[in-house]
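For the protein sequence lines, the chains are Y and A, in the order given.
Heads up: the first sequence begins at 1 in the UniProt record's numbering, then just goes up one per residue.
Heads up: the second sequence begins at 1 in the UniProt record's numbering, then just goes up one per residue.
No wet-lab data here; the hints were simulated from the structure.
Model, not experiment: these values are computed from the prediction.
We treat Cβ as the ideally placed atom computed from N, Cα and C, and that holds for glycine.
Be careful, since some hints might not be right.
Said to hold, decoys possible - Restraint-style ranges between C-beta atoms, simulated for each label pair:
1. A:ARG256 <-> Y:TRP91: 55 to 61 Å
2. Y:ARG226 <-> A:ASN95: 29 to 35 Å
3. Y:ILE131 <-> A:LEU50: 46 to 52 Å
4. Y:LEU28 <-> A:SER49: 51 to 57 Å
5. A:VAL31 <-> Y:SER127: 31 to 37 Å
6. Y:GLN169 <-> A:ASP132: 41 to 47 Å
7. Y:LEU181 <-> A:GLY242: 39 to 45 Å
8. A:LYS177 <-> Y:ILE41: 51 to 57 Å
9. Y:GLU144 <-> A:ASN71: 46 to 52 Å
10. A:GLN3 <-> Y:PHE142: 43 to 49 Å
11. A:GLN3 <-> Y:ALA274: 35 to 41 Å
As the list claims (entries may be wrong) - Per the computed footprint, the stretches of chain Y lying under chain A, defined by three or more beta-carbons under 8 Å from a beta-carbon of chain A, are:
12. 41-47
13. 57-64
14. 67-73
15. 151-163
16. 196-206
17. 234-246
Unchecked claim - Computed list of chain A residues with no C-beta within reach of chain Y, every gap over 12 Å:
18. SER80
19. TYR134
20. MET164
21. THR257
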Amino acid sequence: MSGRIDRVALLAVPGLAYLAVIYALPLLMLLAKSIQTAEGISFSEYRAFFADDYNIRVLLRTLRVAALTTLLALIFAYPTAFVMSRAKGPWLTVFLVAMVLPMSLGVVVKAFAWSILFRANGFINSSLQWIGLTEKPVRMLFTETALVVGAANVFLPFMVLPIYAVVRQMDRALPEAAASLGAGPFFRFFNVTLPLTLPGVVAGSAFTFSMAISMYVIPSLIVGERQQTLSMLIARSFLYLRNEPLGSTISAVLLGIAIFVVVFSSWLARRLGARS
Amino acid sequence: MTQTDRIFRALSWIVALGCVAFLMLPIFITVAASFSASPVYTLPPPEWSLRWYVSLERRSGLWDAVVLSLNLAFVSTVISLVLGTLASIAVTRGNFRGREAIATFAVSPLMMPGLVVGVALLQFFREIGLRDAYVSLLLGHIVITLPFVMRTLLASMAAFDFSMIDAARTLGMSYPKAILRVLVPNLAPAYLTSGLFAFLASMDNYPISIFLTDARNKTLPIKMLQYLEEQPDPSLAAMSSGLILLAVVVLVFGARTVGLNRMIQG
């Protein structure tokens, strides 16, 4: 019996070996390189990175933009997932197409479309002026708000789909049972519905947040060089400045944040899974 | 249903419809701009024309990039489907420690910063003396596509009844044949979903590819960004509209064969 089980386990070897060599090993080598200097192991690159106010501002901006993007996407996604789980026929098709079709429009063109919309003479400004909300065009392109809106647009399907998957499988009878026992809508939501859907929220938020901290194309097209993010600093140090130690250090910082998000979210998911 | 429930339901529908409009907006902008007569992106277009579709014929650089990206997406997705099937069977059926950790590890590239993976691969390939840009890109793109495949296949195999495989074996099928003839057809929606998402992720990848390209091997997103910086005319919109049409065809095919909901949910 144990021989057969071992044979099944062997099937994982090609895929895992591939990821170990072509993914984990290069990342470990990058981490090693960031603490290796001519004089041996040293954290001087990190000290230099964190001592610079500019880098701290970029780091905080990256985290803030990612958090706001995740929040905006969640506000849009959560009610939508519930509506989708109840929708039938042509309505369901409309929602599903809206989730998947935009993925066929590459992120480059999508971000560019948003940069057109946000221009001073762009569609949004013309609409605002036409409605009479503003007389002069509002400066939108190159602002953090524009970046958050554009990023939320790109990542929204990745927030909706995990929540939709959980909501669809949720036992509808539970909130109804709570209602029949006299629980009000707010009590039902916070004590029954929300805890049941939390695993989907955690999965979607972790995914959106980790994509938003490392996005590169979207900020390059919507905010440009004026407001750098960590990814833009990495690209600049490798592709333009040719400063590999600096690039490796920033990469290691970003990698650290990403690994933390992966570990923390899977821990949270397991805890939620164990509770329910 | 109470008054409050009704208000919540109405608000949810408003948000959901807003969501659809928000998601479709870039597609409308792109398609509208592709039929514009103006060489700059103005909306609504002053006059309609097909000139940017005609001009695509002369953009040979763009076509090379399309072919390279389709090639990379197809080959890396197929390899990932094979590796992913094997690994998912092992994680679902195996009885060994650390299966959770293996699943987390195999899906983790989805959440790693693309630029960092790209830099790490660049330095690694340089170290081992790999210079061929196509091979480097392909190896990198498998890292992009494999986690998409693993995520969907792991979820659907957890719900698959493996006694069907045992039954096929009792009837005299070999194990590989039973997998191909019984497991794969039963999980067709999962294969379609994971294949589609993996393919699109590879087609759209910029951050890993940018470090692995050379002058002759430029993938579509890289070429498009370069093109936008050099001459931002609507021929890109025309080309993207063509790709959207292609996606519509795939979605219609998927909806007809397995149903849209099963296709998207695996």
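Check on A:MET164 being off the interface with chain Y, judged by Cβ distance over 12 Å: Non-interface label on A:MET164 holds, nearest chain Y Cβ at 16 Å vs cutoff 12 Å.
> Would the least Cβ to Cβ distance between A:TYR134 and chain Y come out above 12 Å?
Replying inline: holds, 15 Å
A:THR257 and chain Y, when compared Cβ to Cβ, separated by more than 12 Å: Non-interface label stands for A:THR257: nearest chain Y Cβ at 15 Å, farther than 12 Å.
### Task
Note whether the CB distance of Y:LEU181 and A:GLY242 lies within 39 to 45 Å or breaks it.
Given a distance of about 57 Å, which is not inside 39 to 45 Å, the answer is violated.
ask   = Holds or violated: 46 to 52 Å for the Cβ distance of Y:GLU144 and A:ASN71?
value = violated, 38 Å
Does the beta carbon distance between A:GLN3 and Y:ALA274 stay inside 35 to 41 Å, or does it fall outside? holds, 37 Å
Item to complete: Return holds or violated for the Cβ distance of A:ARG256 and Y:TRP91 against the range 55 to 61 Å.
Response: violated, 19 Å
Indicate whether the distance between the beta carbons of A:VAL31 and Y:SER127 respects the range 31 to 37 Å. violated, 19 Å
Claimed coverage, the segment 67-73 of chain Y by chain A - three or more beta carbons nearer than 8 Å
violated (count 0)
In terms of beta carbon proximity below 8 Å, does the segment 151-163 of chain Y have 3 or more residues touching chain A?
Result for this restraint: holds, n = 5.
Point to revise | Given coverage of the segment 196-206 of chain Y by chain A, checked by CB-CB distance under 8 Å (3 or more) | key: violated (count 1)
Verdict on chain A covering the segment 41-47 of chain Y, where coverage means 3 or more residues with a C-beta closer than 8 Å
violated (count 0)
When the structure is compared with the earlier hints, violations turn up for hints 1, 2, 3, 5, 7, 9, 12, 13, 14, 16 and 18 and for no others.
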